[in-house]
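Here the protein sequences come in this chain order: E and G. Just so you know, we're using this note's numbering here: the first sequence kicks off at 2 and counts up by one. Just so you know, we're using this note's numbering here: the second sequence kicks off at 7 and counts up by one.
To be clear, the hints were calculated from the coordinates, so they are not data collected in a lab. Quick reminder that beta carbons are idealized off the backbone N, C-alpha and C, glycines included. Please note that a few of the clues may not be correct.
Short derived list, chain G residues pointing at chain E, Cβ under 8 angstroms [unchecked claim]:
no.: 1; residue: Leu45
no.: 2; residue: Gly57
no.: 3; residue: Leu58
no.: 4; residue: Ala180
no.: 5; residue: Asn252
no.: 6; residue: Asn253
no.: 7; residue: Ser256
no.: 8; residue: Tyr285
no.: 9; residue: Cys289
no.: 10; residue: Met294
Distance condition first, Cα-Cα at most 25 angstroms in a straight line; then the derived PhoX-like pairs of lysine-lysine [unchecked claim]:
no.: 11; chain 1: G; residue 1: Lys286; chain 2: E; residue 2: Lys155
no.: 12; chain 1: G; residue 1: Lys206; chain 2: G; residue 2: Lys154
no.: 13; chain 1: G; residue 1: Lys18; chain 2: E; residue 2: Lys158
no.: 14; chain 1: E; residue 1: Lys286; chain 2: G; residue 2: Lys154
no.: 15; chain 1: G; residue 1: Lys36; chain 2: G; residue 2: Lys258
no.: 16; chain 1: E; residue 1: Lys158; chain 2: G; residue 2: Lys36
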Amino acid sequence: MTKRMSYEDIEGSSKKSIEEYFEVYLDVLEPRFSFADIAGYDEVKERFRDIVVTPLKYGEALKKAGIQPPTGVIVWGPLGTGRGHLIEASAKEAGVNYLIIRGRECTAQEEVIHRAFEWAREHKPVLVHLMDLDWLAPRRDANYEWSDGSTYGKPDKLGTPEVHRAVHEEIASVAHEEEIFVAASCYRIDVLDQAFTRTSMLGRKIYVPRPSYEDRLAILKYYFYGVALAEDVSLEKLAEETEYYVGWDLESLARKAKLMAIQRASGDGVIVTMEDIRYAMKSVKPWLTPAMARDYDRIRAEDCVHKYNF
Amino acid sequence: MCEVLEPGQYFKVKEPEVGFEEIAGFWEVKERLEEMVVLPLKHPETFKQAGLRPPRGILMWGPPNSFATFAEASAKEAGVTLLSAQAKNLVEEEHSIEHLFDAARELAPSLVFISEVEILAPRREAESALLPPPPLLASREATRLLFKCVDELADRDNVKILVSSSRVDILDPALLRNGRVDRKIYVPPAAFEDRLEILKRVLSDVPLGEDVSLEKLAEATAYHTPSQLFSLPRQATLMAIKEEKNNFSSVKLRHFLQALERIAPELTPEMLRRYDDIYKEECKHRYMY
Numbered sequence: 002m003t004k005r006m007s008y009e010d011i012e013g014s015s016k017k018s019i020e021e022y023f024e025v026y027l028d029v030l031e032p033r034f035s036f037a038d039i040a041g042y043d044e045v046k047e048r049f050r051d052i053v054v055t056p057l058k059y060g061e062a063l064k065k066a067g068i069q070p071p072t073g074v075i076v077w078g079p080l081g082t083g084r085g086h087l088i089e090a091s092a093k094e095a096g097v098n099y100l101i102i103r104g105r106e107c108t109a110q111e112e113v114i115h116r117a118f119e120w121a122r123e124h125k126p127v128l129v130h131l132m133d134l135d136w137l138a139p140r141r142d143a144n145y146e147w148s149d150g151s152t153y154g155k156p157d158k159l160g161t162p163e164v165h166r167a168v169h170e171e172i173a174s175v176a177h178e179e180e181i182f183v184a185a186s187c188y189r190i191d192v193l194d195q196a197f198t199r200t201s202m203l204g205r206k207i208y209v210p211r212p213s214y215e216d217r218l219a220i221l222k223y224y225f226y227g228v229a230l231a232e233d234v235s236l237e238k239l240a241e242e243t244e245y246y247v248g249w250d251l252e253s254l255a256r257k258a259k260l261m262a263i264q265r266a267s268g269d270g271v272i273v274t275m276e277d278i279r280y281a282m283k284s285v286k287p288w289l290t291p292a293m294a295r296d297y298d299r300i301r302a303e304d305c306v307h308k309y310n311f
Numbered sequence: 007m008c009e010v011l012e013p014g015q016y017f018k019v020k021e022p023e024v025g026f027e028e029i030a031g032f033w034e035v036k037e038r039l040e041e042m043v044v045l046p047l048k049h050p051e052t053f054k055q056a057g058l059r060p061p062r063g064i065l066m067w068g069p070p071n072s073f074a075t076f077a078e079a080s081a082k083e084a085g086v087t088l089l090s091a092q093a094k095n096l097v098e099e100e101h102s103i104e105h106l107f108d109a110a111r112e113l114a115p116s117l118v119f120i121s122e123v124e125i126l127a128p129r130r131e132a133e134s135a136l137l138p139p140p141p142l143l144a145s146r147e148a149t150r151l152l153f154k155c156v157d158e159l160a161d162r163d164n165v166k167i168l169v170s171s172s173r174v175d176i177l178d179p180a181l182l183r184n185g186r187v188d189r190k191i192y193v194p195p196a197a198f199e200d201r202l203e204i205l206k207r208v209l210s211d212v213p214l215g216e217d218v219s220l221e222k223l224a225e226a227t228a229y230h231t232p233s234q235l236f237s238l239p240r241q242a243t244l245m246a247i248k249e250e251k252n253n254f255s256s257v258k259l260r261h262f263l264q265a266l267e268r269i270a271p272e273l274t275p276e277m278l279r280r281y282d283d284i285y286k287e288e289c290k291h292r293y294m295y
């Protein structure tokens, strides 16, 4: 069972300094998670090790072997599956600097994008995590509609043409740099400007799917670690019943169940019962609908497979 | 008293007076507040024991409503000090933001409430908003200070932040980042039952004419905010007194109708639809515990 990080561990993470105004828009963090802190997703982690960690860690060896390393990667998949955590863990495993640019916060601030990449150039080796690339650089005819007619997760703001250009320019300019690796996360690959998926830009893709049964079981074990469970609680059964729940939903479920237990708590401590979990399941519903899940499978199946290999 | 305890003109430190009992309706909002604000402030040790890290910053958003009362009631239920500020007062003097958070730490356990937070942390491209932006917006420096103050709060400080906004369309998403104000509560417009409950309470002392039906009044006030409902009995009574002078016996339906003509609804169907749309399409992860 994966040991859960206590919240002091997370709190203690030191923020490296970045000047003034930009410090609120850019995040320069000591990576907090390693792959061991992320439950489930063994196969996906392997992809991250191959595509993200190897070029940063063993660039020399790759060069000797005459292999052109990947220049960047687009990480896509449903919200709440842990794309960000996986990228952060890659930075930790590679032992490099880690910079986060939150796309949704700079849809009209190209100077933040320029400043971020400037910082990256000064602090090599670095992994640049560009969040919400599809907000900043959407395809011209981007259609966010799912097959059931909803538009769940549609960005409320899209990047201005200036920002779009700035992102394109900056990624193109660092693509040949071996010690700068750009990992961009995005919600749907079919709404993204295709210019970014070219080999000379972000040449690789990783799909983080919704968790399978095994993943869900591992995630549930992770979030219920260290809290007393009543005898009637079967996480195996729970994992079976939580189809369409993603990592974030499962975390909320565990949190809500613990909250119910806390409200009931008496002298002998906090014990989570199946009743607490059932109650929590009533209010924590998966955000991913069956139609959306089907659409994700379809988009993944239709996408060319080559970019998913090393 | 040390210097930081002087709230000055920027914010109020007050002993909360109303509790959840005094707020009519809105049971779902109250339940969320109970879970996110009251319990963690009351029993921090139990949360620690269960390995559950409670949310630190919470945004209440929705059509114009009495957000400040919700904050006051939460503080009262939790038995903590309330530091209540209006964003427009914090904008002018930047150091007042730091001052507010210092005072909150000093007075911990405490609850910081900032209303109309979109003034303090506006999106930097306000021209794309649907309605014109408010006349007064914070400088980048003030926004930066706010974020810095929120970032610097630690769990051990035992301070919670509650902010409210009716204009999420121009709110800077950087405020809602993980670790800052990362939980949301949607406060929907008062439903029929909520309005009925409010009217029952505000009209409990008013002598009503026989033709007055609270259900009908609740139906007629679909686009009024709770605070407008509070002013309804005063206005209606005034109408009755004006008409009947010293023969005043009760407030009749026609007085209420006259009063409603004076109190124009603050909400419009178009506005409510827009709030509803935003809420429906949004990712729901931030609303879960």
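We went through each hint and held it up to the structure:
1. Leu45: Given a least distance of 7 angstroms, the restraint on Leu45/G holds.
2. Gly57: holds (5 angstroms)
3. Leu58: Holds - the Cβ of Leu58/G comes within 8 angstroms of chain E, reaching about 4 angstroms at its closest.
4. Ala180: Holds, because the Cβ-Cβ distance from Ala180/G to chain E comes to roughly 4 angstroms (cut-off 8 angstroms).
5. Asn252: Hint violated; Asn252/G Cβ to chain E Cβ min 55 angstroms, cut 8 angstroms.
6. Asn253: Violated: closest Cβ of chain E sits about 54 angstroms from Asn253/G, beyond 8 angstroms.
7. Ser256: With Cβ-Cβ at 45 angstroms, over 8 angstroms, it is violated.
8. Tyr285: violated (12 angstroms)
9. Cys289: Result: holds, 5 angstroms to nearest chain E Cβ.
10. Met294: Hint holds; Met294/G Cβ to chain E Cβ min 3 angstroms, cut 8 angstroms.
11. Lys286/G to Lys155/E: holds (11 angstroms)
12. Lys206/G to Lys154/G: violated (44 angstroms)
13. Lys18/G to Lys158/E: violated (35 angstroms)
14. Lys286/E to Lys154/G: Distance ~34 angstroms between Lys286/E and Lys154/G Cα, so the pair is violated.
15. Lys36/G to Lys258/G: Given that 25 angstroms is the threshold and the Cα spacing comes to 33 angstroms, the pair is violated.
16. Lys158/E to Lys36/G: violated (31 angstroms)
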